[in-house]
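Colleague: So you can see what is in the structure, the chains are spelled out below.
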Amino acid sequence: MKAFAFVVRRDLLLAMRRKSDVLSALFFFVIVSSLFPLGIGAETALLRKIAPGVIWVAALLSTMLGLQRMFAADHADGTLEQMALSPEPLALLVGGKIAAHWLVCGLPLVALAPLIGLQFDLSGAELGILVLALLLGTPVLSLIGSVGAALTLGVRGGGVLLSLLVLPLYIPTLIFGSGAVYAHTAGQDAGAHLSLLGALLVLGLFFAPWATTAAIRIAIE
Amino acid sequence: MSNSIIHWFKFASPASFYPLAGRMIPWFWLLAAAFGLSGLWLSFFVAPTDAVQGDGYRIIFVHVPASWMSMFIYLVMAAWAGLGLVFNTRLSSMMAQALAPTGALMAFLSLWTGSFWGKPMWGTWWIWDARLTSELILLFLYVGFIALQASIDDPRRADKAGAILALVGSVNVPIIYFSVKWWNTLHQGSTVSLTKAPAMAHTMLLGMLLMALCFWMYAIAVALQRVRAIILERESHAEWVRELKEVLA
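Chains as they are written, first to last, in my numbering: chain A, 1 to 221; chain B, 1001 to 1249.
One should not assume that every hint holds.
[As the list claims (entries may be wrong)] 20 Å max Cα-Cα, derived SDA-like pairs, lysine to any residue:
hint, chain 1, residue 1, chain 2, residue 2
1, B, Lys-1181, A, Ala-192
2, B, Lys-1181, A, Leu-167
3, B, Lys-1181, A, Asp-189
4, B, Lys-1245, B, Pro-1026
5, A, Lys-49, B, Trp-1182
6, A, Lys-2, A, Thr-79
7, B, Lys-1181, A, Leu-103
8, B, Lys-1181, A, Ala-183
9, B, Lys-1181, A, Lys-2
10, B, Lys-1181, A, Gly-198
11, B, Lys-1181, A, Ala-186
12, B, Lys-1181, B, Trp-1128
13, B, Lys-1181, A, Leu-127
14, B, Lys-1181, A, Val-155
15, B, Lys-1181, A, Leu-174
[As the list claims (entries may be wrong)] Stretch-level coverage of chain A by chain B, calculated; a stretch enters the list once three of its residues show a Cβ under 8 Å from a Cβ in chain B:
hint, stretch
16, 69–81
17, 172–181
18, 209–217
[Stated by the list, open to error] Label pairs and their calculated CB-CB ranges:
hint, chain 1, residue 1, chain 2, residue 2, range
19, A, Phe-27, B, Phe-1087, 57 to 63 Å
20, A, Lys-2, B, Gly-1022, 55 to 61 Å
21, B, Pro-1155, A, Met-1, 38 to 44 Å
No wet-lab data here; the hints were simulated from the structure.
Backbone N, C-alpha and C define an ideal beta-carbon position, used for all residues, glycine too.
Bound conformation, chain A alone:
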């Protein structure tokens, strides 16, 4: 557990030393979601209708931006090999890196989402559900993304390939995440969608670090 906390602290520290990377992903999120009203038109009823979907798609894309950095630098300078050689289980260290990625790329999105939601004229209750869904869903994005990031380590055209691999796997999270808000708007209980998101999170927590570890071992073989 100490090793886990250490990896999280180290990655956070590294991210803080390079604030521009983190901030640019955040601004990407804001800009992409602000583009939609400009492209579609500022009709309030329409905007309210597309808001959850737009915010979720923007969140998907902006977490993708940070994925490549998850292992690339450590792979290049050999840190990843040292991690694989260390007596601590690699899955635990990988889990730490995933947690750090979520803290840097996922959590700020959750905090920013209500602001974007206000731009789209969402009501208070809808904003609450949106935040809750993002809170449950963004860790799933980091978990699934880590598998793709590890598979494309040091591969030609890694960035585009990564999106090709990861985006189809993101679809269930997108559906349940935006579905939670839509269900509430339609007067249904959002609980079912949130429970399914929670189930995805549990599944991801169990399988993803394991699959990522296997992929890393293949990459540094």
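Assemble the complex: chain A is given as a structure, and chain B must be docked to it using the hints.
Modeller: This is chain B only, laid out in the frame that chain A set:
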């Protein structure tokens, strides 16, 4: 048991599988042609015209087998890839690699014929129906698998990375299918129902099954042919490849 007639693991080696595959391919082509001809004859000349859909429904004789095969091939591909990962057998991974393009072709065919069928029946080329959408995502998964294998230069690393992706994908396929299904019911109250189709005439069902067998045999024949090409490419340094008749010629 030690004196069993055939030593199966013998064919796990590319050197002994290559000639075996070569001998099997004509048979599978023959079966594919036989099933295909009888299936087509049944579906075009024997099966009655549908009361509601007219003759346009006949495209299902290609559409349904293609959809079945696209899903089935993904499972088979993931199974071969998993075997290759666990037992470290090169041939299993080559089989997975050989199956992927055929699977992608089937997914594409299923979407293509589906939209041809949808235009006269539903009045639109595409609706966001659960089956259509999950078939589209399946095509994306195939494309991802092929792209990942193509972009890694070391073939053994490509095999293993592809295997992990295929396994992760096969865990996700049911999740994606159900999520799309629920999404569909939430967003669209009344889409056209495919499941409540009227009971089919026996000849229609028989024609469809024959066509499915034809597609199956075709997939095997093509995959074997492709795996032979992959073996030649990867084992080109080996002595036995250089002594092959077709290589010497």
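Colleague: Against each hint, give a clear statement of whether it holds in the structure.
Modeller: Hints, one by one, checked against the model:
Note on Lys-1181/B and Ala-192/A: the hinted pairing holds, with a Cα-Cα distance of about 15 Å set against a maximum of 20 Å. With a C-alpha separation of about 18 Å, the suggested pairing of Lys-1181/B with Leu-167/A holds against the 20 Å cut-off. Simply put, Lys-1181/B and Asp-189/A have alpha-carbon atoms about 18 Å apart, close enough for the 20 Å limit, and the pair holds. Note on Lys-1245/B and Pro-1026/B: the hinted pairing holds, with a Cα-Cα distance of about 18 Å set against a maximum of 20 Å.
Of the pairs offered as hints, the one joining Lys-49/A and Trp-1182/B holds, with about 19 Å between alpha carbons and a cut-off of 20 Å not exceeded. Taking the CA atoms of Lys-2/A and Thr-79/A, the gap is near 18 Å; set against the 20 Å cutoff, the hint holds. Under the criterion of a C-alpha separation no larger than 20 Å, the hint pairing Lys-1181/B with Leu-103/A is inconsistent with the structure, at around 32 Å. Restraint check: the Cα-Cα separation between Lys-1181/B and Ala-183/A comes to about 15 Å, which is no more than 20 Å; the hinted pair holds.
Using a Cα cut-off of 20 Å, the hinted pair Lys-1181/B and Lys-2/A is violated, with the two alpha carbons roughly 43 Å apart. Between the alpha carbons of Lys-1181/B and Gly-198/A the distance comes to roughly 19 Å, so the proposed pair stays at or under 20 Å and holds. Among the hinted pairs, Lys-1181/B with Ala-186/A is consistent with the structure: their alpha-carbon atoms are about 18 Å apart, no more than 20 Å. Straight-line distance between C-alpha atoms of Lys-1181/B and Trp-1128/B comes to about 10 Å, which keeps the hinted pair within the 20 Å bound.
Restraint check: the Cα-Cα separation between Lys-1181/B and Leu-127/A comes to about 26 Å, which exceeds 20 Å; the hinted pair is violated. Distance hint between Lys-1181/B and Val-155/A is unfulfilled; the C-alpha atoms sit about 35 Å from each other, more than 20 Å. For a cut-off of 20 Å, the pair hint linking Lys-1181/B to Leu-174/A stands: about 14 Å separates their Cα positions. Look at the stretch 69–81 of chain A against chain B: 0 of its residues bring a Cβ nearer than 8 Å to a Cβ of that chain, fewer than three, so the hint is violated.
Taking a C-beta to C-beta cut-off of 8 Å, the stretch 172–181 of chain A contributes 4 residues in contact with chain B, enough for the three needed, and the coverage statement holds. Residues of the stretch 209–217 of chain A with a Cβ under 8 Å from some Cβ of chain B number 3, which satisfies the need for three, so the listed coverage holds. Taken as a hint, the range 57 to 63 Å is violated for the pair Phe-27/A and Phe-1087/B, whose Cβ atoms sit roughly 48 Å apart. Between Lys-2/A and Gly-1022/B the CB atoms are about 58 Å apart, so this pair conforms to the stated range of 55 to 61 Å.
Checked against the hint of 38 to 44 Å, the pair Pro-1155/B and Met-1/A passes, with Cβ atoms roughly 39 Å apart.
Comparing the model with each earlier hint shows violations of hints 7, 9, 13, 14, 16 and 19; every other hint is respected.
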